[in-house]
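Chains as they are written, first to last, in this note's numbering: chain H, 1 to 316; chain U, 1 to 316; chain X, 1 to 251; chain L, 1 to 251.
Don't read these hints as lab results, they were simulated from the structure. Possibly wrong hints are sitting among the right ones.
Calculated Cβ distances over 10 Å to all of chain H for the following chain X residues [to be verified]:
id : residue
1  : 51
2  : 89
3  : 122
4  : 128
5  : 179
6  : 188
7  : 195
8  : 198
9  : 213
10 : 247
Pulled a few chain X residues facing chain H out of the computed Cβ check, cut under 8 Å [to be verified]:
id : residue
11 : 75
12 : 76
13 : 216
14 : 217
15 : 218
16 : 221
17 : 226
18 : 227
19 : 228
20 : 229
Ideal Cβ positions, reconstructed from N, Cα and C, are used throughout, including at glycine.
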Amino acid sequence: RGDGGNFDELIEADLRIEPRDQMPDDYRQTLIRQIAQHAHSEIIGMQPEGNWITRAPSLRRKAILIAKVQDEAGHGLYLYSAAETLGVDRSELLDKLHSGRQKYSSIFNYPTLTWADVGAIGWLVDGAAIMNQVPLCRCSFGPYARAMIRVCKEESFHQRQGFESLYTMSRGSQRQKAMVQDAANRWWWPALMMFGPPDTGEHAGDGRTAQSMAWGIKRFANDELRQKFVDMTVPQAQKLGIELPDPDLKWNEERGHWDFGAIDWDEFWRVLKGDGPCNEERINHRVQAHEDGAWVREAAVAYHEKQQERQQGAVA
Amino acid sequence: RGDGGNFDELIEADLRIEPRDQMPDDYRQTLIRQIAQHAHSEIIGMQPEGNWITRAPSLRRKAILIAKVQDEAGHGLYLYSAAETLGVDRSELLDKLHSGRQKYSSIFNYPTLTWADVGAIGWLVDGAAIMNQVPLCRCSFGPYARAMIRVCKEESFHQRQGFESLYTMSRGSQRQKAMVQDAANRWWWPALMMFGPPDTGEHAGDGRTAQSMAWGIKRFANDELRQKFVDMTVPQAQKLGIELPDPDLKWNEERGHWDFGAIDWDEFWRVLKGDGPCNEERINHRVQAHEDGAWVREAAVAYHEKQQERQQGAVA
Amino acid sequence: SPAVADYLLGLADDALIYTQRLGEWVSRAPQIEEDMALGNIALDQLGQARALLTYVGSVDGTGRDEDALAYLRDEREFRNVHLVEQERGDFGFEMARLLWFSSYQYELYARLVDSADDQVAAIARKAIKEVAYHRDHATQWVLRLGDGTQQSHERMQAGLDAVATYVAELFDDSESARAAAESGVGVLPSSLADGAKAYVRSVTDEATLDYVDSARATARGGRIGVHSQVMGYLLAEMQHIHRSHPDATTW
Amino acid sequence: SPAVADYLLGLADDALIYTQRLGEWVSRAPQIEEDMALGNIALDQLGQARALLTYVGSVDGTGRDEDALAYLRDEREFRNVHLVEQERGDFGFEMARLLWFSSYQYELYARLVDSADDQVAAIARKAIKEVAYHRDHATQWVLRLGDGTQQSHERMQAGLDAVATYVAELFDDSESARAAAESGVGVLPSSLADGAKAYVRSVTDEATLDYVDSARATARGGRIGVHSQVMGYLLAEMQHIHRSHPDATTW
Numbered sequence: 001r002g003d004g005g006n007f008d009e010l011i012e013a014d015l016r017i018e019p020r021d022q023m024p025d026d027y028r029q030t031l032i033r034q035i036a037q038h039a040h041s042e043i044i045g046m047q048p049e050g051n052w053i054t055r056a057p058s059l060r061r062k063a064i065l066i067a068k069v070q071d072e073a074g075h076g077l078y079l080y081s082a083a084e085t086l087g088v089d090r091s092e093l094l095d096k097l098h099s100g101r102q103k104y105s106s107i108f109n110y111p112t113l114t115w116a117d118v119g120a121i122g123w124l125v126d127g128a129a130i131m132n133q134v135p136l137c138r139c140s141f142g143p144y145a146r147a148m149i150r151v152c153k154e155e156s157f158h159q160r161q162g163f164e165s166l167y168t169m170s171r172g173s174q175r176q177k178a179m180v181q182d183a184a185n186r187w188w189w190p191a192l193m194m195f196g197p198p199d200t201g202e203h204a205g206d207g208r209t210a211q212s213m214a215w216g217i218k219r220f221a222n223d224e225l226r227q228k229f230v231d232m233t234v235p236q237a238q239k240l241g242i243e244l245p246d247p248d249l250k251w252n253e254e255r256g257h258w259d260f261g262a263i264d265w266d267e268f269w270r271v272l273k274g275d276g277p278c279n280e281e282r283i284n285h286r287v288q289a290h291e292d293g294a295w296v297r298e299a300a301v302a303y304h305e306k307q308q309e310r311q312q313g314a315v316a
Numbered sequence: 001r002g003d004g005g006n007f008d009e010l011i012e013a014d015l016r017i018e019p020r021d022q023m024p025d026d027y028r029q030t031l032i033r034q035i036a037q038h039a040h041s042e043i044i045g046m047q048p049e050g051n052w053i054t055r056a057p058s059l060r061r062k063a064i065l066i067a068k069v070q071d072e073a074g075h076g077l078y079l080y081s082a083a084e085t086l087g088v089d090r091s092e093l094l095d096k097l098h099s100g101r102q103k104y105s106s107i108f109n110y111p112t113l114t115w116a117d118v119g120a121i122g123w124l125v126d127g128a129a130i131m132n133q134v135p136l137c138r139c140s141f142g143p144y145a146r147a148m149i150r151v152c153k154e155e156s157f158h159q160r161q162g163f164e165s166l167y168t169m170s171r172g173s174q175r176q177k178a179m180v181q182d183a184a185n186r187w188w189w190p191a192l193m194m195f196g197p198p199d200t201g202e203h204a205g206d207g208r209t210a211q212s213m214a215w216g217i218k219r220f221a222n223d224e225l226r227q228k229f230v231d232m233t234v235p236q237a238q239k240l241g242i243e244l245p246d247p248d249l250k251w252n253e254e255r256g257h258w259d260f261g262a263i264d265w266d267e268f269w270r271v272l273k274g275d276g277p278c279n280e281e282r283i284n285h286r287v288q289a290h291e292d293g294a295w296v297r298e299a300a301v302a303y304h305e306k307q308q309e310r311q312q313g314a315v316a
Numbered sequence: 001s002p003a004v005a006d007y008l009l010g011l012a013d014d015a016l017i018y019t020q021r022l023g024e025w026v027s028r029a030p031q032i033e034e035d036m037a038l039g040n041i042a043l044d045q046l047g048q049a050r051a052l053l054t055y056v057g058s059v060d061g062t063g064r065d066e067d068a069l070a071y072l073r074d075e076r077e078f079r080n081v082h083l084v085e086q087e088r089g090d091f092g093f094e095m096a097r098l099l100w101f102s103s104y105q106y107e108l109y110a111r112l113v114d115s116a117d118d119q120v121a122a123i124a125r126k127a128i129k130e131v132a133y134h135r136d137h138a139t140q141w142v143l144r145l146g147d148g149t150q151q152s153h154e155r156m157q158a159g160l161d162a163v164a165t166y167v168a169e170l171f172d173d174s175e176s177a178r179a180a181a182e183s184g185v186g187v188l189p190s191s192l193a194d195g196a197k198a199y200v201r202s203v204t205d206e207a208t209l210d211y212v213d214s215a216r217a218t219a220r221g222g223r224i225g226v227h228s229q230v231m232g233y234l235l236a237e238m239q240h241i242h243r244s245h246p247d248a249t250t251w
Numbered sequence: 001s002p003a004v005a006d007y008l009l010g011l012a013d014d015a016l017i018y019t020q021r022l023g024e025w026v027s028r029a030p031q032i033e034e035d036m037a038l039g040n041i042a043l044d045q046l047g048q049a050r051a052l053l054t055y056v057g058s059v060d061g062t063g064r065d066e067d068a069l070a071y072l073r074d075e076r077e078f079r080n081v082h083l084v085e086q087e088r089g090d091f092g093f094e095m096a097r098l099l100w101f102s103s104y105q106y107e108l109y110a111r112l113v114d115s116a117d118d119q120v121a122a123i124a125r126k127a128i129k130e131v132a133y134h135r136d137h138a139t140q141w142v143l144r145l146g147d148g149t150q151q152s153h154e155r156m157q158a159g160l161d162a163v164a165t166y167v168a169e170l171f172d173d174s175e176s177a178r179a180a181a182e183s184g185v186g187v188l189p190s191s192l193a194d195g196a197k198a199y200v201r202s203v204t205d206e207a208t209l210d211y212v213d214s215a216r217a218t219a220r221g222g223r224i225g226v227h228s229q230v231m232g233y234l235l236a237e238m239q240h241i242h243r244s245h246p247d248a249t250t251w
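When you get a sec, could you build the whole thing from the sequences and use the hints?
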């Protein structure tokens, strides 16, 4: 390390930091935490949608869903790889996920109760994720920025698919329409929480935001992104013919933005701290898969070593 | 033992042998084997019908089905108790079932593919079982005879319920009717096999029949019971409006019986020897339940012993 | 009123969904006597469910019969608590669930015998006897397993720990429950907590087990149709044959 | 002819039902790469199923589309072999199943590219490439597990042993298969056995595993709709949402 460019100069010039460059330990740790949390979210995020693979109501939707969940696994892999350029390895990060020392996005602690939830996740959750992630394509850390470009491209495809699925249902039977409305009712507020706590006021987060902004990791404040998301999403809800579950939602001519109601930050913190509808389920499912597969991973390593020995034996 | 009546005199007079009576070892072993096989059949027989408890298409039928399967467990218990009067215990018999050293009725190695199979088992399988079992109510061994009286009463109730269920469906939708016909197609021949191999000819069994008859354990020949069953069942099939899957089935005025076609004894022996559709499934299911429950049974014994010690401690 | 019907539907669905899980035990119990006992409890619960569903169908104005209510509602319309829908675990888990659920139901029906609604009171009079037996059955097993072997003690404790997540929801006052209690038809679930908890504690104490009635995560939402992931699969299994025959008028 | 349609339905159902079991692996695989790989194989199988179902619906005279065929048939109308419907076991079981099934499908599609039916030949041309990858994927894992650790060797062998019951049915000539082979549209399953078995044997040999292709009990009946007990539950899960919305015309 350290044979690359000068960190402060690179940041100042809004250029990319690469793994070979020297960087402050805080920067490294912040990135590891953020990229890992992002990777974990992709992996845990396979569960709520994966829950519907075997039950998708048409074969076309089943195919779309399998492909989407598969993409999430792929995103997890790019992101773990990006984190690995910072000198950690995937198994270490997974251990931290499994033991609760690293988090994943709280949105995945909500259950997918109906088929429409699959569409709603695409529309709202992926929609919010993209809003958060597009600025990360310009993140100061090169490997993360490049991973995000690919991720964002696929996510925006998923977002459109989710919307299209809901749109199809919204023109269907009364019960299909009701499913769409119900899903929107349940996912709207959690989606707004995805932008994190407010930047100011009593519910504000830990104040890491300023440092992340200075480092070019974060580009916009939480509330700014949240507002952009609301402004983008309200017209889409209108197109679906549904009502978003917020009586305070109305266009503010003066601001040129949609006003919206107060978010239940108590719920946000409660779910974040472990008492959400599915926290235990998600982690248990993930840990189970990991433990069930331990013997397989060990065998792969043993086989690989044997093969190498054999090759060396053949050479010698 | 041996302080009771004289075995040959009791048999001669068609009186009951009771556990305290002396009896030839062969008689004892034959009865143990037969009663155990009968008990095992009740226990294994819970599975094909139990398979439908969670899926019964109406709550009324669900209740009837749970009660029926529960009765089968009860029959198993009476029969194990009857066997225990001969100086074996239940756990020993269960071990023999689990290790394949004792058998259960081959009929339960056929799958229950549709809801109508539940009705067909009541109608045909319980029907055939009753035909076999009614004479056992007069079996020379008292405890077995008494158990059979109770079993037969409940079985005949199940048989009527099964028929009634099929009758209801046979007056229902086209698909319900087709289900009834399909179930009859699949269960008819296996039901006929329940009476065992023919008494004479190339497919005849091991020749234990004569001894069992002399001992008053068996009262009728296999073929005789089979004919009675066919004669009883054909008019019932007519009432259901279905066709039994035997082109050779026709009324023989001269014999005063229904003629029927040749039974596929190769299939019979194949299934008996382990290569039926569900042999492994049934035994594995049973063994799994037994192994899963071992810690519970052990705990019950340990608790019981502790309680006894405590009582003795209190007394001393 | 719709709220009262919704409250009664919650009681009905608790019994119906628990019947499903109990029904899975039949042919899988630790001993044959227990196949019978669990089948018996399932039958009792099913009987309660049928009586309640039939009554709900007559008072909610839809005229649906028990089968329409059991087989043709979607997951979001079911009102049972999460406890009863959880997947079948080991026998220790089942006895922990049964101990809590029957202790709750015992307090519930003991109060509902005085319901302002005669039908509900009549259902409760029959159910209270059944539920007393269920509670006793669970009690006997929790004692045996808690005070049996080292292994059974640990597994019984694990069962109680696993169930703890679902206890609070039993005693949660939903809006419908408040309306039902106000009308005199129902009772506030929260008013049943002391009795049920005291009973469970008396059993765990005697069984040398730790009493536990809460966990890091608290199940919630069943009474408004927000269920855990396993519920959809349970309903798929329960409803599939019925839903596969939309043209069948009788079974 | 109806027999040919029935034959093709068997191929379609094999792929469709295997998709269900493979789909269960997603988020449960030993490593993330494998979540992707199994998802990928599931997608390929689903693609084959959809192409075949759509074609069957057009030739069997009923005009049913892929969804009508997948979601509105009952268990007795499904034509898949027992191998693909068996419950998800451990990863060793899955790789044993995949090795056999892909080896069978490889021989099958290698022959069907010359089918007298252009549609079938076109489907086979696409499928053969996919299936070659599936077979290779299974091969790599059987080698790693067979020649990995002591534990993995034992578990991989147990997987092969467990699957053996279902091997013979793959190569069984049903009446429909005979008619399809005669017409030049299909091939006799029995004619695929030598190639598939030789391939599997080459893999198990290299993997230091015992080759086994038969067992005490032999699965049979899938091609005439006689399935094992797990099939009903699989279909309940697969079809429940679709069947719950008889009034929905599109998703």
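Each hint tested on the structure:
1. Annotated as non-interface, residue 51 of chain X keeps its C-beta farther than 10 Å from every C-beta of chain H; the closest such distance is 28 Å.
2. The claim that residue 89 of chain X lies off the interface holds: its Cβ sits roughly 13 Å from the closest Cβ of chain H, which is beyond the 10 Å cut-off.
3. With a closest Cβ-Cβ approach of about 35 Å to chain H, residue 122 of chain X is found to remain outside the 10 Å limit, as its non-interface label requires.
4. Against chain H, the non-interface label of residue 128 of chain X holds: every CB pair exceeds 10 Å, the least being about 33 Å.
5. The beta carbon of residue 179 of chain X is kept farther than 10 Å from every beta carbon of chain H, the shortest such distance being approximately 22 Å.
6. The beta carbon of residue 188 of chain X sits about 24 Å from the closest Cβ of chain H, which is more than 10 Å, so the claim that it is off the interface holds.
7. Listed as outside the interface, residue 195 of chain X is consistent with that label: its C-beta sits roughly 26 Å from the nearest C-beta of chain H, beyond the 10 Å cut-off.
8. Every C-beta of chain H lies more than 10 Å from that of residue 198 of chain X, the closest at about 26 Å, which supports listing it as non-interface.
9. Every CB of chain H is more than 10 Å from the CB of residue 213 of chain X (nearest about 15 Å), matching its label as outside the interface.
10. Residue placement check: residue 247 of chain X keeps its beta carbon more than 10 Å from all beta carbons of chain H (closest about 19 Å).
11. Hint on residue 75 of chain X holds. Least Cβ distance to chain H is approximately 6 Å, under the 8 Å limit.
12. Annotation: residue 76 of chain X was flagged as interfacial toward chain H, and the flag holds, the nearest CB pair being 6 Å apart, inside 8 Å.
13. Given the 8 Å rule on beta carbons, the hint for residue 216 of chain X holds: about 5 Å separates it from the nearest Cβ of chain H.
14. At about 5 Å, the closest approach between the beta carbon of residue 217 of chain X and any beta carbon in chain H falls short of 8 Å, and the interface hint on this residue holds.
15. With 8 Å as the threshold, the beta carbon of residue 218 of chain X comes within range of chain H, its nearest partner Cβ sitting at about 6 Å, so the hint holds.
16. Look at residue 221 of chain X: its Cβ gets to within about 7 Å of chain H, closer than 8 Å, so that hint holds up.
17. Because the smallest distance between the Cβ of residue 226 of chain X and any Cβ of chain H comes to about 6 Å, under 8 Å, the interface hint for this residue holds.
18. Below 8 Å, beta-carbon pairs count as interface contacts, and residue 227 of chain X has one with chain H at about 7 Å; its hint therefore holds.
19. Because the beta carbon of residue 228 of chain X sits about 7 Å from the nearest beta carbon in chain H, less than 8 Å, this interface hint is met.
20. Here the hint on residue 229 of chain X is kept, as its CB sits about 6 Å from the closest CB of chain H, short of 8 Å.
In summary, the structure agrees with every hint in the numbered list given earlier.
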